[in-house]
Amino acid sequence: MAMPDKQLVACPHCSATQQEPVGVVSTVCRACSGHFSLEEKEGAGPRTKKTKTKPSRLVRCTQCENQQKVYEDALSAVCTACGAHLEIGSYTLEGVVRQRVQTEGDITFAAGSRYVGPEARGRTVTVAGRVQARVRAAVELVFAKKGEITGPAAAPTIRVAPGAEAVGGHIAAGLLKVEGGLKAKEVYGRTRIEVVKGGHLDAETLVARELSVAPGGVLQGRLDTTAAPAEGPTSAEAEK
Amino acid sequence: MARPSSPLRLPPGLRLDGALVVRGDARVACAVKGSLRVEGRLEIAPGAVVDGEVASHSLHIEPGATVRARLAIGKVPSPAKVAPLRRFLPAAFFPPALK
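Protein sequences, first through last, are from chains A and B. When the letters of the first sequence are read in order and numbered with this note's numbering, they come out as residues 1 to 240. When the letters of the second sequence are read in order and numbered with this note's numbering, they come out as residues 1001 to 1099.
Take the hints with a grain of salt, since some may be wrong.
To be verified - Okay, derived cross-link-like pairs now, DSS-like style, lysine-lysine, Cα gap no bigger than 30 Å in a straight line:
1. A:K145 - B:K1033
2. A:K146 - A:K185
3. A:K146 - A:K183
4. A:K177 - B:K1075
5. B:K1075 - B:K1033
6. A:K145 - B:K1075
7. A:K183 - A:K197
8. A:K69 - A:K146
9. B:K1075 - A:K183
10. A:K146 - B:K1033
11. B:K1033 - A:K6
12. A:K197 - B:K1033
13. B:K1033 - A:K177
14. B:K1033 - A:K185
15. B:K1075 - A:K6
16. A:K197 - A:K177
If you're looking for bench data, these hints aren't it; they were derived computationally from the structure. If you're wondering where the values come from, they're calculated on a predicted model, not measured in any experiment.
Here chain A stands alone, though its shape is the one from the complex (with noise of 0.2 Å):
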């Protein structure tokens, strides 16, 4: 029996090109794992040739830290180098949770929500309701409303949105910056905390090496900058 004839095709997500056998409707992208069709639309030429891609983003696999492209919009993925089933999706919730929530996307506590159990991690976490956990963004970390976190919460930057009268424990930050009121019971700021006009920050403790209030904010609470490190914790230590 005769192979059948390959073509080339290229990926129009990442340009990488590959052999796929002739008549195929649609293939994954050996390079970023992307689908996408082969199939020719009249008066078209091959979808491959489309100029215009869906937005995709990149996302680190949880479990070998392995990046990869994907939609926007896709809600779950498989890690190209480890196999891992990978959520990527975003979500929005509300009333009272208990399930696990970790995800690559974006996550949202929406006011008069509760959240109980495991870590919850995303991307860009915004607490509006009430969260009995440990918290983790790994791009940023918002408490806005009536934002409450009891458990340890770490992100890369941390924001107090205005009008917000949130409550937290031990947050950890990169960067804090404090537009609204937040009361917390020890700070790190591991670049700079700040806190801008209209922001209130009341904390027991406080640690940073650079630290500014502008006309307007209010900050209450015992500095000591000596216990910072010079270049910073790792990441370990922001999840402590």
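Place chain B on chain A using the hints.
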């Protein structure tokens, strides 16, 4: 009382022990132990060592400063609660309005 136009500068090498009140802005680069109350903007420069209590209208602590203090920023207590520290400082360190 008129505010001094230029900030009070406390250069490195000074060591202040007690309570210091500044009517305007201040930039601290020295060692201060005790109470520091600034009615304007307070800047704590690299190399400064502040130990005690700090109150000011606004604040900027630069990297390299050592601060172990209770902060009350944005809510400055009334002058009557804090005794001035002028006796610890040479007159040259006070702006004309404070002399």
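Point to revise | Pairwise hint evaluation, B:K1033 against B:K1075, where the allowed Cα distance is 30 Å at most | key: 21 Å, holds
**Study point:** Proposed proximity, A:K183 with B:K1075 (alpha carbon, max 30 Å)
**Key:** 16 Å, holds
Review point. Do the alpha carbons of B:K1033 and A:K177 lie within 30 Å of each other, as the hint requires?
Key: 29 Å, holds
Point to revise | Straight-line alpha-carbon gap A:K183 to A:K197, limit 30 Å | key: Distance of about 16 Å is within 30 Å: holds.
Practice item. Mind checking the alpha carbons of A:K69 and A:K146 for me, to see if they're no more than 30 Å apart? Key: 35 Å, violated
Check your understanding: Given the proposed pairing of A:K197 with A:K177, does the C-alpha separation stay at or below 30 Å?
Key -> Measuring from Cα to Cα gives roughly 11 Å; hence the hint holds.
**Study point:** Restraint status (C-alpha distance of A:K145 to B:K1075 at most 30 Å)
**Key:** Given that 30 Å is the threshold and the Cα spacing comes to 24 Å, the pair holds.
Review point. Taking only the CA atoms, is the gap from A:K146 to A:K185 under or equal to 30 Å?
Key: This hinted pair holds, its Cα atoms lying about 16 Å apart.
Check your understanding: B:K1075 and A:K6: Cα distance at most 30 Å?
Key -> 75 Å, violated
Exercise for review: Would you check the hint for A:K197 and B:K1033, treating anything up to 30 Å between C-alpha atoms as holding?
Suggested key: 29 Å, holds
Practice item. Please work out if A:K146 and A:K183 have their alpha carbons no farther apart than 30 Å. Key: 11 Å, holds
Review point. Has the given pair, A:K145 with B:K1033, been kept, meaning a C-alpha gap of at most 30 Å?
Key: Roughly 39 Å separates the two Cα atoms, so the pair is violated.
Of the numbered hints stated above, those contradicted by the structure are hints 1, 8, 10, 11, 15, listed in ascending order.
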